[in-house]
Amino acid sequence: MNIQEIILKLQSYWSTQGCVLAQPYDVEKGAGTMNPMTFLRCLGPEPWNVAYVEPSRRPADGRYGENPNRVYQHHQFQVIMKPSPDNIQELYLDSLKALGISPLEHDIRFVEDNWENPAMGAAGLGWEVWLDGMEVTQFTYFQQIGGMEADPVSVELTYGLERLASYIQDKENIYDLEWVEGVTYGDIFKQPEYEHSKYTFELSETEKLIRWFDDFEGEAEQALEQNLVFPAYDYVLKCSHTFNLLDARGAISVSERTGYLARVRNLARRTAKRYVEERERLGFPMLKQEGGVQHG
Amino acid sequence: MAERDLLLEIGVEEMPARFVESGRQQLKETLEKWLKNHRIGHGPARSYATPRRLAVVVEKVSERQEDVEAEVRGPAKRIAVAEDGSWTKAAQGFARKQGISVDQLRLKDYKGEAYVFARKHEEGQPTADLLNKGLAEILEGLHFPKSMRWGRRRTRFIRPVRWLVCLFGEETVPANWAGVTAADRTRGHRFLGKETVIKTPSDYVEVLRKEWVLADVEERRNRIREQLSEMEKEQGWNIHVDEELLDEVTHLVEYPTALYGTFDESYLELPAAVLITTMREHQRYFPVENTDGGLLPYFVTVRNGDEHALSNVARGNEKVLSARLADARFFYEEDLKLPIEKAVAKLDDVVYFEGLGSVGDQVRRIRLLVEALADRIGLDEKARVSLFRASEICKFDLSTHMVDEFPELSGVMGKEYAEKAGESPEVARAILEYHYPRFAGDRLPEGTPGAVISLADKMDTVVSAFSLGIQPTGSQDPYGLRRRASGVVQILVDRGWSNITLGELTDLCLERLKSDGWLKRDATEVKRELAAFFGLRLKAVLQEEGIRYDLIDAVLASDTGLPRLVVEKARVLGEEVEKEEFKNVAEGFSRAANLAAKGTPGAEVNRDLLEAWSERELYAAINSARDAFEAAREEQDARGMFEAIAKLAPVIHRFFDDVLVMAEDEGTRMNRLALLGEIKRLTDEFAAFNKIVIAS
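Residue numbers (the UniProt record's numbering), protein chains in the order written: chain A, 1 to 296; chain B, 1 to 696.
It is worth saying that the hints were derived from the structure and are not from the lab. Any given hint could be a false lead.
Computed list of lysine-lysine pairs in BS3-like fashion (alpha-carbon distance at most 27 Å, straight line) [claimed, not checked]:
hint, chain 1, residue 1, chain 2, residue 2
1, B, Lys33, A, Lys198
2, B, Lys199, A, Lys97
3, B, Lys33, B, Lys133
4, B, Lys33, B, Lys199
5, A, Lys171, A, Lys190
6, A, Lys97, B, Lys210
Given these sequences and hints, build the entire structure.
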């Protein structure tokens with residue numbers, strides 16, 4: 001099964017389970033969790049089910065396209081179900097079956113892994129799912145987002161598409177994966193991997209990055225003052241990515257690092273709080289779709 | 001009374017392996033406690049656990065709660081009974097409140113006065129009803145270090161609760177908790193089993209076995225052990241079973257099947273510790289050795305399931321391990337390219353305690369401390385060179401990829417990389433050994449450089465933490481300060497360096513912090529806290545030596561600066577208390593000490609006032625005992641110290657027999673008390689003899 005088919009299968013499966021099929025978000029981010037479809041929509045009482053592919057940038061993992069496993073940008077297939085359904089583990093295992101992975105032919109385990117993203121004030125409990133010893137999915141019940149208690153609790157499933165594909169296709173090297181017949185992962189991503197790594201580690205200018213961070217932070221502040229949550233959040237993401245570039249460049253000391261993280265966290269928290277306030281002002285419109293069921 | 005067995009099962013999504021055992025025990029204890037509190041008699045209880053369930057079966061549980069006869073005291077008779085002998089309003093109110101008629105009230109004496117009593121008979125309720133109402137309370141009584149919420153529920157538990165079984169005999173108790181109603185249906189193995197009905201509690205284990213679940217923890221653990229030893233026999237291997245890992249694996253599976261896989265032989269060039277740690281930490285694999293203890297290119301893993309398609313599972317795991325080992329090799333090769341000096345320089349960017357600078361700063365403090373210690377120990381030039389070099393680079397491996405990935409390999413990798421970089425064997429060994437002891441019962445550094453650096457590193461960490469007001473409380477000791485302080489004491493006991501006392505070590509560390517500008521609190525106060533803290537550690541070390549508590553108290557009341565000497569003194573006392581003549585010695589010292597309390601503390605003996613022969617004899621004996629005592633102390637010779645003062649005992653007794661201490665003449669009296677004061681001062685330097693319990 002090629003990557004394109006894997007994505008199509010997962011989309012079709014989760015669509016059947018009532019998920020909105022969203023598209024990747026157009027601001028750089030380190031993980032699908034940071035997509036506003038997750039970070040913001042998991043806040044507050046409104047129900048929400050969504051699935052999407054998220055290209056995720058981790059500048060420090062860039063390896064000039066030379067490492068068989070580590071990349072500047074990888075792909076996550078992200079599923080959010082809010083509130084978490086009682087049969088979510090069974091739903092997840094059925095999604096593996098949809099990919100042709102029969103639990104009886106393999107060893108599937110749920111191994112404790114508590115996820116935390118301090119910069120986003122987010123934390124959850126759950127597992128990494130092992131398929132014959134390989135971690136293929138991060139399975140998390142959000143307990144806290146943007147520093148706020150998650151209520152109701154959302155469940156997040158993050159499939160590592162490259163990992164899953166390299167297992168299914170039995171390939172050692174990520175660049176040999178088949179994206180679709182006749183096109184490899186390398187055909188599409190090898191050049192950008194090299195160029196992004198070169199830019200990140202050799203060309204990016206610290207002074208500019210620091211200036212951009214300050215500017216993005218200012219924009220987020222300004223948008224927040226006007227109660228414009230989504231634009232504010234875009235700039236929080238920009239800050240986060242700029243910080244990641246600085247970090248990958250090795251341009252900031254340990255104490256500076258703590259300072260930058262605190263600035264991102266502070267913005268993320270305020271944006272989260274403002275989002276809930278704005279939704280409340282609108283009367284939590286998506287609660288109505290649940291047949292008027294109020295949370296509590 | 002009729003009895004039935006009781007089964008309680010909580011079905012959950014996979015619990016973290018490390019909490020399963022505690023959950024199993026808690027469920028059993030909480031249920032037993034609840035039964036007791038509710039006066040429900042029962043037989044033995046057995047508890048079970050897998051990653052997906054906690055269960056307990058209690059045999060012979062009474063069908064009804066015991067009746068209870070209660071007597072409740074009401075108002076006093078003078079308030080309850082009117083002059084005409086009728087019940088007052090107060091008495092009637094009391095009876096009403098107790099739900100009985102006034103005729104049933106009784107008068108009885110209570111503490112010398114007559115009171116009204118109501119005797120009540122409370123009939124026991126059916127156990128099934130009580131369980132129905134009480135199940136939530138029982139289950140809320142389980143606590144885990146990390147609990148969570150799910151969906152819209154308010155309940156917190158270790159993982160989401162998905163089913164409950166509550167079976168009393170063959171009767172289902174349909175109690176509700178966490179949004180689930182208890183029933184008689186359990187779930188089997190996630191993939192191999194199915195949902196199934198349990199008819200009666202005693203069937204529990206067998207019903208689950210049919211559904212591919214081994215609910216008994218011991219059985220599951222033994223099954224894995226047997227599979228491993230069978231594999232050992234078949235393959236001619238030696239599978240090293242780490243008990244902690246075995247526990248974890250036991251709680252990762254409901255139905256274990258061990259299998260093995262292989263990895264590329266070229267990875268065997270990596271240090272064994274790297275291979276073993278990679279397999280254990282990342283993948284929970286057991287490493288495989290040949291019969292000589294050399295690693296082989298195989299690993300053993302335990303699958304949660306049966307033997308079907310084992311080759312798939314093996315192949316998948318091989319693929320994962322080979323990627324992990326490729327990472328490890330990459331780290332190793334990169335680390336070898338990093339010059340040690342560069343690695344040391346990087347430590348300036350690693351935060352030590354927030355507010356105490358970097359690890360680089362700490363290493364510089366350790367280097368200076370080590371130099372001060374080398375002077376005291378009197379190390380020769382060659383030893384000093386190794387010691388100083390090792391102390392300067394002791395933490396360089398914290399900058400390596402491998403230690404970043406596996407912090408527990410710090411020391412092991414340091415030694416490996418230092419050897420490869422051409423450091424001397426003494427230096428390389430010290431980089432490993434300064435970590436010892438890492439836990440209670442761990443080995444101590446063998447080489448002197450390792451011991452000195454270990455002392456300096458641990459002492460600096462403890463003093464630094466205290467200087468910031470960070471101290472262990474109760475079971476909380478996130479920085480491992482107790483372990484480190486015990487390490488300091490153990491090394492001092494082991495080495496017996498006579499020129500290094502705990503107090504001086506503390507001072508050296510505090511002065512260093514102060515002159516570097518890190519000390520934020522009052523030094524005297526920090527020192528006092530540290531003295532108390534190390535006193536407790538020393539006590540713990542003495543307890544581990546198996547020394548009697550009263551002897552521990554006796555030696556700890558004396559000078560504790562040199563832990564080796566303290567331990568030796570306690571050992572000598574331990575031998576002496578067993579002897580017949582010890583009673584005589586201790587009595588003499590105690591009697592002298594008791595009387596001395598009547599004198600002026602610190603008073604000097606006036607030789608001219610010594611009248612009786614026994615006074616003069618005692619005075620001379622004290623002086624020679626002191627000389628001998630001090631000479632022995634110089635040598636840290638606890639036995640010599642004891643013998644020096646023990647010689648005083650017969651002289652003391654002769655003195656008491658000959659003279660009346662409390663003489664009428666004040667001058668004579670005070671001089672005799674001063675003489676006894678001298679004895680107390682001298683013996684106190686060994687131990688507080690009055691704390692020693694002497695069998696009569």
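Review point. Which numbered conditions among the earlier hints are violated in the structure presented, ordered from lowest to highest?
Key: Hint check: 1, 2 fail, others pass.
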